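In case you want the letters, here they are:
There are 2 protein chains.
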Amino acid sequence: MEFKLNSKELEKHLSKVITGVPTKTPMTILENFLFEITDGLLTIYATDLEISLQTSLNVVSDSNTKIVVPAHLLFNVVKTLKDTTIQFKVQDNGKLLLTTNTGKYTLSYLEATEFPDIPSIKTDENSKDINEFTIQGSELKESIDKTSFAMSREEMRPAMMGTLFEFDFDGLRFVATDGHKLVNLLNKKITTKINQQYIVPERAISVLSKILDEREVKVYLSKTHVSFRLSELELITRVIGQKYPDYASVIPVENEFALKVNTKELSDAIKRMMLFSVSSIRKVKFSIKKDFINISAEEASLGAAGEENVPCEYTGDDLDIGFNSAFLNDILNHISSENEIVFKLHSPTKAVIVVPVEKKENYEVTMLLMPVRLNN
Amino acid sequence: MEFKLNSKELEKHLSKVITGVPTKTPMTILENFLFEITDGLLTIYATDLEISLQTSLNVVSDSNTKIVVPAHLLFNVVKTLKDTTIQFKVQDNGKLLLTTNTGKYTLSYLEATEFPDIPSIKTDENSKDINEFTIQGSELKESIDKTSFAMSREEMRPAMMGTLFEFDFDGLRFVATDGHKLVNLLNKKITTKINQQYIVPERAISVLSKILDEREVKVYLSKTHVSFRLSELELITRVIGQKYPDYASVIPVENEFALKVNTKELSDAIKRMMLFSVSSIRKVKFSIKKDFINISAEEASLGAAGEENVPCEYTGDDLDIGFNSAFLNDILNHISSENEIVFKLHSPTKAVIVVPVEKKENYEVTMLLMPVRLNN
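Protein sequences, first through last, are from chains A and B.
If you count by my numbering, then the first sequence holds residues 53 to 428, one letter each, in order.
If you count by my numbering, then the second sequence holds residues 53 to 428, one letter each, in order.
Hints may be right or wrong, so weigh each one.
To be verified - Every beta carbon over 10 angstroms from chain B, so not counted as near; a handful from chain A, in silico: (1) Lys118; (2) Tyr272; (3) Ile303; (4) Leu354; (5) Asn361.
As the list claims (entries may be wrong) - Some chain A residues close to chain B (C-beta under 10 angstroms, calculated; not the full set): (6) His124; (7) Glu317; (8) Met326; (9) Ser348; (10) Gly358; (11) Glu359.
As the list claims (entries may be wrong) - Sample of chain A residues at the chain B side, in silico, Cβ under 7 angstroms: (12) Asn183; (13) Lys323; (14) Gly355; (15) Ala357.
Don't read these hints as lab results, they were simulated from the structure.
Keep in mind the model is a prediction, meaning the values are calculated, not measured.
C-beta: ideal position from N, C-alpha, C; glycine also.
Could you build the full structure based on these sequences and the hints that come with them?
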């Protein structure tokens, strides 16, 4: 059987789906695309068993087919071709022949039966337990990019290895935590009647961040899977079937001391303190006074130390508190679009809340950082 | 003792000298800068024993000193500081104290006696056997960047692990080869009375390429060392004390068949062929006809093959010849500024010459590529 398509059109589609191909996998079949042609529509699939990506484009074809083709080899050939028509010929001898005006390429293909099943979410009228909402791609991207850095990488607590999507009356809430830091971002524009939690795994979040653009995304959520539909592209991921920890209970409500500081100035100082806190806890000490913070770190292994005074406005009692400089730097990097931030504190052992000074209309972000013990 | 300087001024100097600090060395002392202050002039040195870099700047100081300071730690602190004055205080307890308006940093320093000697080239009137010439930095950079990729990485042939600087009546010649490919670049603007060869080692070439800019460079050459002086910065390298192979004898003079081809078209085709020549010899086959080349490669391990017809103008007999696709790609990448190139050929076993069609006035470049055997 044969089909024809334009090289640049194919490249555009492959460049999106290729992000779904796992780079290191013991199952070599996953290093392939599944090509399925039905009535002139080519659908290209990639999966790592947890997530799958698929895209569709029209082709000129003489019949239907379903074959498995080497993903990176095909993509690398196609992306270096000029704007040209590629004629695909699926030969009975297991070879796929690509012909252009000037070139001819032979690839080996496999039978489609060897490719794993791709999950799908039925979204017709009869489907039960499917929730859906629509969101601007750039807005979804911003929400997950500001949140997902706080996800856990530790397999011991699987629920925390994803980002929580939680629907409640105020809007859609994104939460991620690793037990040391936590981000709680509420998007008030997304109001639904859904009252449910879904945990989207790390890999889906990272692929999603790469493929989102300005365009609208339709999101469908079932008990087992979530689907993100961007016009011709669809990402389906399994959800983590665990209960998310009760994050609300760890967010202190009565942190009465407010510390206002310029984000950039603090961030620059912390970057220097990281040079002096390279051993395991990466401790940096804040000595907070009324109008300045003395920030210091000492690295015995280097025989080196640093301290810096950063101006602030502080309403509480003088306070000494320690942080992990790398975690604090993570938080500052992800709140850096904000000019000024407020730390809400209570004591050297209680979680600290970090919020931007300027409130956004449709949008609330709260970050939380656990202190580390100062042993002096 | 104390001295003072501006953070941005210091950063500018450190950012150049830091390229001379080795990243992996069993001699930890080399991970430091040597700071030497003599009569208000601070000279900063870095060395890996083969090359050394040094730069000088004026400072306000109360006495002379010579200390060894941790290179990366100091540079990382300085480069994140705002534009400010840094006060350095060398304390007797082995600590170096840096103070700014808002911060205070303590580093450990070592005695200067622990730092290796830095070679120097005496360039006064009485110096014998020192040759010198002056060249535009950008021109030197272009010459070494077009040549040095062909240097050998094999320790078995130490002379080829550098770039040859050869002075002759026509100008200054740059040569590099690894036995498979060779570049011979003649700069006719540099005419001297020198008639000598110097082999500059790979590490010096790579650092030189990073630090050169538009400004003039004075080059001083002795039997053992070469010095490159860029206003406030100086790179000194040992030369490789071996005889460079007789490269002229391997450049064929009678390759009578000329093959003219568009560089970009050939380069794109070769990049695709590299996908189909991943095993050790990376063989790509050229079947050359009067007006096109059929280029092909076959990778048994992938069950895949590619071929492409590239238009050409060819004056010789039909010829089949094989190349290592990675080496050919290297050559094409470094001649890619040229629109059209000519391959001069004789037979499938003799070295092939690659030259640009358009001749430059002050500038001649010849590349040479050894073919690989086609066993059919």
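Comparing the hints with the structure gives:
Non-interface call for Lys118(A) relative to chain B: holds, since the shortest CB-CB distance, roughly 20 angstroms, exceeds 10 angstroms. Every CB of chain B lies more than 10 angstroms from the CB of Tyr272(A), the least distance being 38 angstroms, so the non-interface label holds. Distance to chain B confirms Ile303(A) as a non-interface residue, since its nearest Cβ pair spans about 32 angstroms, more than 10 angstroms. Leu354(A), annotated as away from the interface, has a beta carbon of chain B within 10 angstroms; the closest lies near 7 angstroms.
Separation of Asn361(A) from chain B is inadequate, the least Cβ-Cβ distance of about 5 angstroms not exceeding the 10 angstroms criterion. Taking 10 angstroms as the C-beta cut-off, the interface hint given for His124(A) holds, the closest approach to chain B being about 9 angstroms. Using the Cβ-Cβ criterion of 10 angstroms, the hint placing Glu317(A) at the interface with chain B is satisfied: the shortest such distance is roughly 9 angstroms. With its C-beta approaching chain B no nearer than about 9 angstroms, Met326(A) sits inside the 10 angstroms limit, and its interface hint holds.
Because the beta carbon of Ser348(A) sits about 9 angstroms from the nearest beta carbon in chain B, less than 10 angstroms, this interface hint is met. Taking 10 angstroms as the C-beta cut-off, the interface hint given for Gly358(A) holds, the closest approach to chain B being about 5 angstroms. Below 10 angstroms, beta-carbon pairs count as interface contacts, and Glu359(A) has one with chain B at about 5 angstroms; its hint therefore holds. Taking 7 angstroms as the C-beta cut-off, the interface hint given for Asn183(A) is violated, the closest approach to chain B being about 44 angstroms.
Because the beta carbon of Lys323(A) sits about 5 angstroms from the nearest beta carbon in chain B, less than 7 angstroms, this interface hint is met. Given hint, Gly355(A) at the interface with chain B, holds; its Cβ is 4 angstroms from that chain's nearest Cβ, closer than 7 angstroms. Look at Ala357(A): its Cβ gets to within about 4 angstroms of chain B, closer than 7 angstroms, so that hint holds up.
Consistency note: the structure conflicts with the earlier hints numbered 4, 5 and 12.
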